[in-house]
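Trainee: With chain D's structure known, arrange chain R on it following the hints.
In case you want the letters, here they are:
2 protein chains.
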Amino acid sequence: MAKLIALYKHPENKEAFDKHYFETHVPLTEKIPGLRKMEVTRIIGSPMGGKGKYYLMCEMYYDSLEALQSAMRTDEGKASGKDAMKFAGDLITLMIGEAADE
Amino acid sequence: MAKLIALYKHPENKEAFDKHYFETHVPLTEKIPGLRKMEVTRIIGSPMGGKGKYYLMCEMYYDSLEALQSAMRTDEGKASGKDAMKFAGDLITLMIGEAADE
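Going down the list, the sequences are from chains D and R. Residue 49 in UniProt numbering is what sits at position 49 of the first sequence, and the numbering runs on without skipping anything. Residue 51 in UniProt numbering is what sits at position 51 of the second sequence, and the numbering runs on without skipping anything.
The shape of chain D in the complex, shown without the other chains:
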């Protein structure tokens, strides 16, 4: 299992961010070929208190690293990436991860 992890810092306008994220970005991302599962998590704080640096995390699961990399090169993958950069390019950190037990 491999996943693309997107971590978003707190946006200035949370309402506008959520509207674009859930109404436009998620539907675009769901079209990516080979995407097996998508898990969106609202970060609500830290056990130490405080709101922390990040606002939202999205994990996009693929069968393998190769499948993930192929998916990012499809038209749908590029459209999702382009949209993320446009609406949240200054907020996003992207990471590629692989299950540790593989």
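Calculated directly from the structure, the hints in this document are not laboratory data. All the pointers check out, no bait thrown in.
Note: identical chains are not told apart, hence a pair may lie in one copy or across any two.
Each computed DSS-like pair below joins lysine-lysine, with the alpha-carbon atoms no more than 25 Å apart: (1) Lys31 <-> Lys82; (2) Lys19 <-> Lys53; (3) Lys78 <-> Lys51; (4) Lys82 <-> Lys51; (5) Lys78 <-> Lys19; (6) Lys14 <-> Lys82; (7) Lys53 <-> Lys86; (8) Lys31 <-> Lys78.
Given the structure is predicted, the values throughout are model-derived calculations rather than measurements.
Mentor: Positioned in the frame of chain D, the structure of chain R alone reads:
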């Protein structure tokens, strides 16, 4: 669904980190009452290239925020937290998250 997310920055000594993490920290964490699932992900890079800031992510799933918070107050939760702070206190970022569709 709620989860505790631990993001670890790159350790200086990856071999010593992995040994402690997988042989001591994971078994301690698996004992925490109410823990439903644990997903450990090796961060292998960024789609933009480069190794990025983070080395490893661990997600610990609970039935609810309340269950997560109760779990952290148990002896097993405290032992896991204490161990993390001891071996990786300078590397770890902890976040509490909730599934966005709840």
